[in-house]
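Fit chain B to the supplied structure of chain A, relying on the hints for placement.
Protein chains: 2
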Amino acid sequence: MLIVKKFGGSSVADKEHIYNVAKRCIEDYQKGNDVVVVLSAMGKTTDRLLEMAKDFNPNPSKREVDMLLATGEQTSTALMSMAMGALGVPSVSLNAFQITMHTSSRYGNARFKKIDTQRIRHELENRKIVIVTGFQGINKYDDLTTLGRGGSDTTAVALAAVLHADSCEIYTDVEGVYTADPRIVPNAKKIPEITYDEMLELATLGAKVLHNRSVEMAKKYGVQLVVRSSLNNAEGTIVKEETDMESMLVSGVAIDKNTARIAVFGVKDTPGIAFKIFDLLARKNINVDVILQSIGREGTKDISFTVARDDAEETVAILEEHKSRITAKRIEMNDTVAKVSVVGAGMQSNPGVASRMFEALYNAGINIRMIATSEIRITVLINEEDVEKAMRAVHDQFIED
Amino acid sequence: MLIVKKFGGSSVADKEHIYNVAKRCIEDYQKGNDVVVVLSAMGKTTDRLLEMAKDFNPNPSKREVDMLLATGEQTSTALMSMAMGALGVPSVSLNAFQITMHTSSRYGNARFKKIDTQRIRHELENRKIVIVTGFQGINKYDDLTTLGRGGSDTTAVALAAVLHADSCEIYTDVEGVYTADPRIVPNAKKIPEITYDEMLELATLGAKVLHNRSVEMAKKYGVQLVVRSSLNNAEGTIVKEETDMESMLVSGVAIDKNTARIAVFGVKDTPGIAFKIFDLLARKNINVDVILQSIGREGTKDISFTVARDDAEETVAILEEHKSRITAKRIEMNDTVAKVSVVGAGMQSNPGVASRMFEALYNAGINIRMIATSEIRITVLINEEDVEKAMRAVHDQFIED
Numbered sequence: 076m077l078i079v080k081k082f083g084g085s086s087v088a089d090k091e092h093i094y095n096v097a098k099r100c101i102e103d104y105q106k107g108n109d110v111v112v113v114l115s116a117m118g119k120t121t122d123r124l125l126e127m128a129k130d131f132n133p134n135p136s137k138r139e140v141d142m143l144l145a146t147g148e149q150t151s152t153a154l155m156s157m158a159m160g161a162l163g164v165p166s167v168s169l170n171a172f173q174i175t176m177h178t179s180s181r182y183g184n185a186r187f188k189k190i191d192t193q194r195i196r197h198e199l200e201n202r203k204i205v206i207v208t209g210f211q212g213i214n215k216y217d218d219l220t221t222l223g224r225g226g227s228d229t230t231a232v233a234l235a236a237v238l239h240a241d242s243c244e245i246y247t248d249v250e251g252v253y254t255a256d257p258r259i260v261p262n263a264k265k266i267p268e269i270t271y272d273e274m275l276e277l278a279t280l281g282a283k284v285l286h287n288r289s290v291e292m293a294k295k296y297g298v299q300l301v302v303r304s305s306l307n308n309a310e311g312t313i314v315k316e317e318t319d320m321e322s323m324l325v326s327g328v329a330i331d332k333n334t335a336r337i338a339v340f341g342v343k344d345t346p347g348i349a350f351k352i353f354d355l356l357a358r359k360n361i362n363v364d365v366i367l368q369s370i371g372r373e374g375t376k377d378i379s380f381t382v383a384r385d386d387a388e389e390t391v392a393i394l395e396e397h398k399s400r401i402t403a404k405r406i407e408m409n410d411t412v413a414k415v416s417v418v419g420a421g422m423q424s425n426p427g428v429a430s431r432m433f434e435a436l437y438n439a440g441i442n443i444r445m446i447a448t449s450e451i452r453i454t455v456l457i458n459e460e461d462v463e464k465a466m467r468a469v470h471d472q473f474i475e476d
Numbered sequence: 076m077l078i079v080k081k082f083g084g085s086s087v088a089d090k091e092h093i094y095n096v097a098k099r100c101i102e103d104y105q106k107g108n109d110v111v112v113v114l115s116a117m118g119k120t121t122d123r124l125l126e127m128a129k130d131f132n133p134n135p136s137k138r139e140v141d142m143l144l145a146t147g148e149q150t151s152t153a154l155m156s157m158a159m160g161a162l163g164v165p166s167v168s169l170n171a172f173q174i175t176m177h178t179s180s181r182y183g184n185a186r187f188k189k190i191d192t193q194r195i196r197h198e199l200e201n202r203k204i205v206i207v208t209g210f211q212g213i214n215k216y217d218d219l220t221t222l223g224r225g226g227s228d229t230t231a232v233a234l235a236a237v238l239h240a241d242s243c244e245i246y247t248d249v250e251g252v253y254t255a256d257p258r259i260v261p262n263a264k265k266i267p268e269i270t271y272d273e274m275l276e277l278a279t280l281g282a283k284v285l286h287n288r289s290v291e292m293a294k295k296y297g298v299q300l301v302v303r304s305s306l307n308n309a310e311g312t313i314v315k316e317e318t319d320m321e322s323m324l325v326s327g328v329a330i331d332k333n334t335a336r337i338a339v340f341g342v343k344d345t346p347g348i349a350f351k352i353f354d355l356l357a358r359k360n361i362n363v364d365v366i367l368q369s370i371g372r373e374g375t376k377d378i379s380f381t382v383a384r385d386d387a388e389e390t391v392a393i394l395e396e397h398k399s400r401i402t403a404k405r406i407e408m409n410d411t412v413a414k415v416s417v418v419g420a421g422m423q424s425n426p427g428v429a430s431r432m433f434e435a436l437y438n439a440g441i442n443i444r445m446i447a448t449s450e451i452r453i454t455v456l457i458n459e460e461d462v463e464k465a466m467r468a469v470h471d472q473f474i475e476d
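Heads up: the protein sequence lines correspond to chains A and B, in order. Last residue of the first sequence: 476 (the working numbering), numbering continuous. Last residue of the second sequence: 476 (the working numbering), numbering continuous.
Check before you lean on any hint, since a few could be wrong.
Since copy identity is lost for identical chains, a pair holds within one copy or between any two.
Under the rule of at most 30 Å between Cα atoms (straight-line distance), these lysine-lysine pairs were calculated in the DSSO-like manner [as the list claims (entries may be wrong)]: (1) K129 - K106; (2) K137 - K203; (3) K264 - K294; (4) K398 - K106; (5) K98 - K464.
Derived from the structure by calculation, the hints contain no laboratory data. As the structure is a computational prediction, the values presented were derived from the model and not from experiment.
Okay, chain A solo, but in the shape it has when bound:
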C-alpha cells in the first residue's frame, strides 16, 4: 500500500508531538507500506512569520512573504526526518524544489499545475519514509509560492492523486467529521462516511475540518480521504464519491457567523439592475452568497444578499457610491446575522426536508430572514443570537430522530 498522511501544525507543534507523529508513520512503514508524510509548519509558525513580515513592511511583497513562509515547512520536515532517524527508520525530507511541485504564479494563493513523482518514487524504492513540505510550490519563475490557508491538505490530496495512493489520511485534532459542532451540540455524532459533495457543502458552511480546495481536488481525481485524529486511533470519517450506506437524509448541520446581510431598497423594476449591482461587487472581488429579490412598492423592488462580514462595509460603500446608477433608494447592512444549514445527499429524493427544518426553527421560536437551497443543502439566515439554539433544534429534528 502507498499511504499519504498529512499532519497539521498542531500535530507537529513541538518535539513531543513530532515524535508521536514519527511513531505513527513508522507503524505503517513497518507493516511494509510506502509512506509519504505531508507536514504543515510547527504550531503557530506561519502566523508568527506573517507577523514578522508585517513588522518589517506593513505591505510586504507577496513573493517575499511566500519565500519567508516556505521556511516553516522546511523546518518541520527536516526535524521530522531527524526524529525518524533517532527512531532508527530511514527517511528524507523534500521541499517544493526537490520534488518539483509546480503551481500557478499567484503568490499566497497558488494552485497546483504539475507535480513530478520521480524523486518521491526513487526514495520510496529505497525504502525511505518521504516527508514533504505541505502548503508550498514553485511557479514558472522558480519562485516559491504558497497555497493559502489549508494548503497542506491540498498538497496531500495532490500527492495522493499523482502517486495513485491507496489511502490519503488527513490527521487533525478532532476524530472526524461530525453531524454538528460538538462544542455547541453535545450529542453530535461522528459521521463514518460522507460524499465529496456533502463535505464540500459542510466545509463551505463552516465545518473547519477539511479545506474546500482539497475536497474539490479529491473529488476531481477520485482520491478517497480519511479524516482522523492525530491523538488517538479512533476510526475517522471517510470522504468518497458515494457512501456505501443508504444516503442519510441529513448528514450534518453547519453554522456560519461570518456573514452580513445587505439590503438594497426601492430599485427600479427594470431588467439589468441586479446585474449592475452584482457586477460592481464582482469587480471588487466580493463574493455574494444567498440572494433574495422581492417586489417592493410603486414599480420598485428590494434586493437582499449576504457577503462575508469583512466585506460588508466595503460593499455598502461601493453601492452608496453608485446609488443613482443602481437606482437604489436606500441601502442597509446587518452584521448580526448567521447562517444555519442542513446538508445531506438524501435530500435530492426527499422533498420534505425544508418544511421539517422550518418547523423545527418555528418550534424553537426562531425567525427566518432568508432562505437558500442547493440540491443537497438548505440554508437559512437568522439572527446571530439564535444560532446555537437553531443548530441544536435542527440537529434534534434530523439526527436525533
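Same frame as chain A, but now just chain B:
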C-alpha cells in the same frame, strides 16, 4: 559598477540592523550600480538551529541538518527584501535553488562547483537589488548543502567571480584587517592593503576576519576583496594579488591558542618512522602543523609537532595504540602552548626578520619551544601564558618602528 556586498549574522541580527544594511545597499544602488547582497542567517540563528537538531537527534543526518540550516538565510534574505521594499527600492531574494548554486555533495562542508548567473543577471537588468542566501548550495541530488563556517564569505567571492564584479565587499564588525588583535595590542594599526597570501597566513593563524576558503577562492579568480565595517563608513582593508605600496616587511602579527604540542621520544633513527606517524594521523583526519625532528641519544630521535587542541587527546591515543609499530619510547602532550606568527610579503627579500623576532622575544624573556617558517611567515611556539606579552613585543619590534 557591479558590487557584491556580504553581511554576516551580527549585521542582520534584528530589524534595526537589517534596515541599516538595506540603506547601505540602497546608497550604492541609487548611484546607478548593480548591487548583489549576500547574507548570513540572522544573529545566532545557525547555532540555534544546530542546537535544535541535536535536541531532536544527538547524531542527526547531515543532509537533514543542511535542510534545516538553509532556512536561516532564506529568512534573512526575504526580510531584507521586505525592508528594501518598505524603503521604496525593488529587490528580490534568491536561494540556492533559484540561482542554481551547484556544490559538491558533502553536507556541512560543501564546495562550489558551478553557479548559474542567468537569474541574477535578469534581475539586475530589471534594476532590482539581488539578495542572495549565503552559506548554502545544492548538490547533484538536488539536496541542500551548506559550506561550513564562514561559508557566506565564500558565496560572496564565488558570486563576484562568476559575475565579474567590480568590487566584493565583506562587511564585518571590525573596520578591517589589523596588524594585531586590537584587544591585545592597543596600538595595532588597520592595514590599508594586504596580499592574498598574507591574508591567508593571517587567517590560518587566527585573525578571524575572513574565512580562508574565501581568500583562496578570491586569489584563484583574482577577485579583489574589501573588508570593512558594517557600523561605519571607514575605509577598510583591500585584499589583492599585489599591494600597490612597497611590501611591508611585516604586515601583521597573529596568535593562535588552539594548538597543542605532541612529543614522540626515542623512535628508531631509520627511514619511514616519521611517515608511519603522520600517516596514522592523516588516516584519522588529524591535521599536523609545525613539525620538529631532533637527534636523540643512542641512535634514536625525537619527533615533535603541533595539532589543534581538540585533536590532542585522540592523537596521543592513536600513537599509544601503535607505540611499538612507531618504535616510540615515550609520548608526551602539552596543551598550554600557543603560536605567535609574523606575516609579511616583504620577508621574501629580507632575511633578517627571523632574528629580529627572536631578539624581541628574548628581550621580553619569552622562551621559544619550536620554530616554523614559510616564505612569508615565521611562527614560534611558546607557553600560552606568554602569548599576549609576545604579541606586543613582536608588534612593537616590527610595526611600531
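Looking back at the hints listed earlier, which ones does the structure fail to meet?
4, 5
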